[in-house]
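Novice: Given the structure of chain A, go ahead and fit chain B onto it with the hints provided.
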Amino acid sequence: MEQFLSIFTEDFFYATIRMASPIILAALGEVILERAGIFNLGIEGVMLFGAFFAVLGSFLTGNAWMGVVFALLIGVVLGLVYALAVVTIRSNQAVTGTGINILAIGLTSLLSRMIWGVQAVPLTVKGIGPLKIPFLGDIPVIGAVVFNHSPLVYLAYIMIGVVYFILYRTSWGLKIRSIGEQPKAADTMGINVIGWKYGMCVISSMFSAVAGAILSLSFMNLFVDNMSGGRGYMAVASVILGQWNPMGAALGGLIFGAGNAIQMRLQAFGVPIPSSLLLVLPMVIALIVVLAVRGSASARPSALAKPYYKE
Amino acid sequence: MLKKGKMLGLVLVVMLVGLLFAGCDNTAVADGEDKVVKVALLLPGNINDAGWSQAAYTGLMDAEKEYDIETSYIESVPLAEQESTIRDYASRGFDLIICHGSDFEDAITLVAPEFPDTGFAITNSGAKGDNLIGVGVQNEEQGYMAGYALGLVTKDNKVGYVASNEGYAMKRTENGFIAGVKASNPSASVITAYTGSFDDAAKGKETALAIFDKGVDCVFQYAQGSGIGVIQAAAEKNIPIVVTSPSQVKIAPNQAVLAVMSDMKVNILSVITSYVEGDFGPDLKIVGNFSTNLYKVSDINDKLINAENKTKIEAVIKDLQAGKITFK
Chain A
4 MEQFLSIFTE DFFYATIRMA SPIILAALGE VILERAGIFN LGIEGVMLFG AFFAVLGSFL
64 TGNAWMGVVF ALLIGVVLGL VYALAVVTIR SNQAVTGTGI NILAIGLTSL LSRMIWGVQA
124 VPLTVKGIGP LKIPFLGDIP VIGAVVFNHS PLVYLAYIMI GVVYFILYRT SWGLKIRSIG
184 EQPKAADTMG INVIGWKYGM CVISSMFSAV AGAILSLSFM NLFVDNMSGG RGYMAVASVI
244 LGQWNPMGAA LGGLIFGAGN AIQMRLQAFG VPIPSSLLLV LPMVIALIVV LAVRGSASAR
304 PSALAKPYYK E
Chain B
199 MLKKGKMLGL VLVVMLVGLL FAGCDNTAVA DGEDKVVKVA LLLPGNINDA GWSQAAYTGL
259 MDAEKEYDIE TSYIESVPLA EQESTIRDYA SRGFDLIICH GSDFEDAITL VAPEFPDTGF
319 AITNSGAKGD NLIGVGVQNE EQGYMAGYAL GLVTKDNKVG YVASNEGYAM KRTENGFIAG
379 VKASNPSASV ITAYTGSFDD AAKGKETALA IFDKGVDCVF QYAQGSGIGV IQAAAEKNIP
439 IVVTSPSQVK IAPNQAVLAV MSDMKVNILS VITSYVEGDF GPDLKIVGNF STNLYKVSDI
499 NDKLINAENK TKIEAVIKDL QAGKITFK
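Top line first, the protein sequences correspond to chains A and B. According to our numbering, the first sequence is numbered sequentially starting from 4. According to our numbering, the second sequence is numbered sequentially starting from 199.
Chain A with its partners taken away, still in its complex shape (with noise of 0.2 Å):
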């Protein structure tokens, strides 16, 4: 027990809200998502797009920021593609997205090997390293584990807060919630439940794309086949974790993100369990969440998944 307990170090706190930052502003751009009755199992791919053009911003341009600005843009076209397809063509939202997730694992890797060909190790950029944040950063603990992170990291936290005020303080929130609970009462109002719909797909797509840019410009400096690694679908499992709720959906991510930072050092420990075990502790731990919080009256979004048609 001591020695578990040991487990919980300055270095693991600071590890934990790290891994889950990226889960974390990709689960608030889909809750502002499926709040407006769209969900998007495509972030997956958004993301390691993302985390592909962030590297090539980077690149072509030498300035790191750039490949923020880079992310944003094939967020924007991303979510465009999928509005076009959910909102206006009605295809199946499931379906669509596995396509954009399979999509982007190919044309990734595609594109990554023409531009940059096949290398002995992968090219590395400038990245967005942590950035100490004056005063705050000196405070003993705290300021190591909380004030010590990269620019998008913060960025991730930040809009919790933001999301949450968007979504239960102003008029838009209150639109985009009306469009997901009661989309013909919301247009018989007025509201252009077809615009906001597109609107939603654009930004929640961005916020996934910055996702894909943490993993690939703060976390590390380059690109990797693959490298989102199935946090888009931990995004999605903790909008439902997080009962369509910003605060919600942000513990869910630092749920994962802490039950990996255990399951890291638990195998440090050489406890004699099987490693394959401990790799899906984060999910075991968000399986029970998710069985404890089914009690009470669910939160879903009552239009989500359903095509909107316009009498």
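Everything labelled a hint here was simulated from the structure, so no lab data went into it. From a predicted model like this one, the values you see are computed outputs, not experimental measurements. There may be inaccurate statements among the hints.
Calculated lysine to aspartate or glutamate pairs in the EDC-like style (CA-CA distance at most 20 Å, straight line) [what the hints assert, rightly or not]:
(1) B:Lys-353 - B:Asp-266
(2) B:Lys-326 - B:Asp-477
(3) B:Lys-353 - B:Glu-281
(4) B:Lys-435 - A:Glu-13
(5) B:Lys-501 - B:Glu-512
(6) A:Lys-309 - A:Asp-190
(7) B:Lys-501 - B:Glu-434
(8) B:Lys-326 - B:Glu-281
(9) B:Lys-263 - B:Glu-475
(10) B:Lys-435 - A:Asp-190
(11) A:Lys-135 - B:Glu-434
(12) B:Lys-356 - B:Asp-415
(13) A:Lys-129 - B:Asp-477
(14) B:Lys-494 - B:Glu-512
(15) B:Lys-356 - A:Asp-14
Specialist: Here is chain B on its own, set in the frame of chain A:
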């Protein structure tokens, strides 16, 4: 209206899937001659993973330059699709199908008897059949070399091993690694961690940082694509690391103790050579280890290894090459 929408959606999906295959399946164009030997290579990972799969890909490319053959390769073949992929290549008339890694063993032993006129080979396996050969790889030797060197480097007697998953090759390498550490430093303990991924570099980095947090002061990475993250973590935290290729040394030039390369292209090349020259058959035996030049050591870092230890390491390399160190 709805039907039209669905059709459009379907077309979109088909196009997307088509694009994926366009990205993965790279078939060189042939002139349609019957004589040209067609070789297919199935890889478990990506051709730019700076390790296992990339080495095999390089071997295939070298063979293409050397012989009049037509080649095709496919990357990241998932377990569930191994069988169908092998069968697909065989029925498309490929003469020699090479699967890279013991993961393919079940699938290839199942499919090989169905195509008696096709040659099948699998690396890192003892599989055998009328038209199937297993190319043995003595993984333990690579691990032993890395472990021996890190046993000399560690100060706190805590040595780390980070691998991708608990597969056959990784486990054998680990066994060799532990034996190597014990040989040079009996009081050192080995801490093992798996990333669970062949390509998640960020997770590889986090896993390495986690074991450094637990007091590991030097590490050996055998984690394929995710290992790139392990090397970056070592470079960031200034932790000595043993890598598996000279190119990886460039990621952490000051921390890389040495590189134990496995030149898998040697094995791929010798399989293709034997096929082209007509030696392919159930009696063919190819084994890769230090004595066959599959494994080589390079870039011994004088700043991390002093002259006395360097002599010890060189002696071990000689012993391995002479086959004096054996594993069960």
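Novice: Against the structure, test the hints numbered earlier, and report the numbers of the ones violated in rising order.
Specialist: Hint check: 1, 3, 10, 13 fail, others pass.
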